[in-house]
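*Asks:* Going line by line, the protein sequences match chains A and B.
With the first letter of the first sequence counted as 1, position 158 gets the number 158 in my numbering; the numbers rise by one all the way through.
With the first letter of the second sequence counted as 1, position 208 gets the number 445 in my numbering; the numbers rise by one all the way through.
Just so you know, these hints were derived from the structure itself, not from any lab.
It is possible that part of the hints are untrue.
[Said to hold, decoys possible] Listed next, with one range per pair, are the computed distances between beta-carbon atoms: (1) B:Gly239 <-> A:Glu233: 53 to 61 Å; (2) A:Val59 <-> B:Val296: 47 to 55 Å; (3) A:Lys194 <-> B:Gly305: 55 to 63 Å; (4) A:Pro181 <-> B:Pro372: 41 to 49 Å; (5) B:Asp428 <-> A:Lys194: 29 to 37 Å; (6) A:Pro217 <-> B:Val296: 18 to 26 Å; (7) A:Glu136 <-> B:Arg277: 36 to 44 Å.
[Stated by the list, open to error] To list a few chain B residues with every Cβ distance to chain A over 10 Å, as calculated: (8) Ser260; (9) Leu320; (10) Lys380; (11) Tyr402; (12) Glu407; (13) Ser414; (14) Gly420.
Beta carbons are placed, not taken as given, at the ideal position from N, Cα and C, and that holds for glycine.
2 protein chains.
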Amino acid sequence: MGKVVVLLSGGLDSATTLAFVISRGMEAIALSFDYGQRHRRELESGRRVADHFGVKRAVFKMDFSFAGNSSLTSSLDVEDRPLEKIGDDIPATYVPARNSVFLSIGSAYAEALGCDSVAIGANALDYSGYPDCRPEYMNAMEKALNLGTRIGVSGNLSIMVPLQYLTKKEIIRLGLSLGVPFGLTRSCYRDNEKACGRCDSCKLRLRGFMEAGSEDPTAYQDLPGFYSDYLKERKGS
Amino acid sequence: MGKVVVLLSGGLDSATTLAFVISRGMEAIALSFDYGQRHRRELESGRRVADHFGVKRAVFKMDFSFAGNSSLTSSLDVEDRPLEKIGDDIPATYVPARNSVFLSIGSAYAEALGCDSVAIGANALDYSGYPDCRPEYMNAMEKALNLGTRIGVSGNLSIMVPLQYLTKKEIIRLGLSLGVPFGLTRSCYRDNEKACGRCDSCKLRLRGFMEAGSEDPTAYQDLPGFYSDYLKERKGS
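Next up, chain A with everything else stripped away, as it sits in the complex (with noise of 0.2 Å):
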């Protein structure tokens, strides 16, 4: 069965990541980190996704401000490419290492809980161009915390990436399929009380949506032309 730590953002794939854990009769317990995140709001999505899925949900308090160079812990305008720029180089929501931190602390609470596996929603298809989401890194990581820990030492941690080689559309798709409450979801940069529309997260959200046939039930401050002309589409047919 094992039992598992879910770090869980509140956006789309870590709710889905979540829903496939717990679909697998493993137990959950997820896990969100307060580090001082522009889209604070995400947050409160995750609460939400746990409370959905009954399952117990610490939060971890950190203070990421000393990262003055990303846009999702200092001031820094959070960048609006096209579509086909996104995945390019490593934009300026990029925080630094910070996968490597949500998974060793990630990795304590396992081993403080009891648990055997950490489980994370990074995928590396149609995703933001963060070094830290590539199966590479996935790896490397998984074997430094094996060294690195207790359990690792006497038994084995597991990295779970159960996402890392789907697409949007495929991770969207799993997870209509596993009852995620996407509405509950955000994927947002901003913090908007709306989702923006335009930074990567929301693009990549609704382009995903777009290609799994199927709607955002998110609420938009602007939409892009692509969403809005498959919107019409749907209603055409």
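Based on the hints, put chain B in the right spot on chain A.
*Replies:* Frame of chain A, contents of chain B only:
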């Protein structure tokens, strides 16, 4: 030349690492962690050591009280082991994934501050038996952090472990030659005003000073027999 984030607990090893980095002509920035450790006095030692060397020091706060199975982050007793047992297995003072968390956050600081290295005082000969002090762990973590950071992808992030293969005797001799103010450092796992002289860390330190043919300037509550005998011999000769 290089610019280095030096993880500075306030103990003997991290103070020697800081002095080593400075002696190589590199620019050092100290980083201490306030994670709710029982032995909080080390934070004051870290401040004094950084001041001694005239380096800037950041303190990163987080709460590790979830780690209830570690005697450094809970009210569990610190064990007193005979010197010959130290290093045989992982003791209760082990804090889950601590060096992974520290190195990950250290790398985030390095990226944010334009440094190319993170230095840590870990060593694995006269040590408490923590898996995350071993060279195989350090090498794996360096690889993971290089794959998961912007600086690693575009250049190289170096995890410096200058004391990795040194005995405590050799570390103390190195520190003495570099002018480390050992009287300002604090190694004890307990938080009494005077160092206890009974925990792993005190015993390894005192044996190191004895083997180095020097005297520890630290004030102790109790001195282990081997060190009292050594002091008597020194006075006699």
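*Asks:* It remains to establish, for every hint, whether it holds in the given structure.
*Replies:* Hints, verified against the model:
| no. | hint | verdict |
| --- | --- | --- |
| 1 | B:Gly239 <-> A:Glu233: 53 to 61 Å | holds, 57 Å |
| 2 | A:Val59 <-> B:Val296: 47 to 55 Å | violated, 21 Å |
| 3 | A:Lys194 <-> B:Gly305: 55 to 63 Å | violated, 41 Å |
| 4 | A:Pro181 <-> B:Pro372: 41 to 49 Å | holds, 47 Å |
| 5 | B:Asp428 <-> A:Lys194: 29 to 37 Å | violated, 50 Å |
| 6 | A:Pro217 <-> B:Val296: 18 to 26 Å | violated, 43 Å |
| 7 | A:Glu136 <-> B:Arg277: 36 to 44 Å | holds, 39 Å |
| 8 | Ser260 | holds, 26 Å |
| 9 | Leu320 | holds, 22 Å |
| 10 | Lys380 | violated, 5 Å |
| 11 | Tyr402 | holds, 17 Å |
| 12 | Glu407 | holds, 24 Å |
| 13 | Ser414 | holds, 31 Å |
| 14 | Gly420 | holds, 31 Å |
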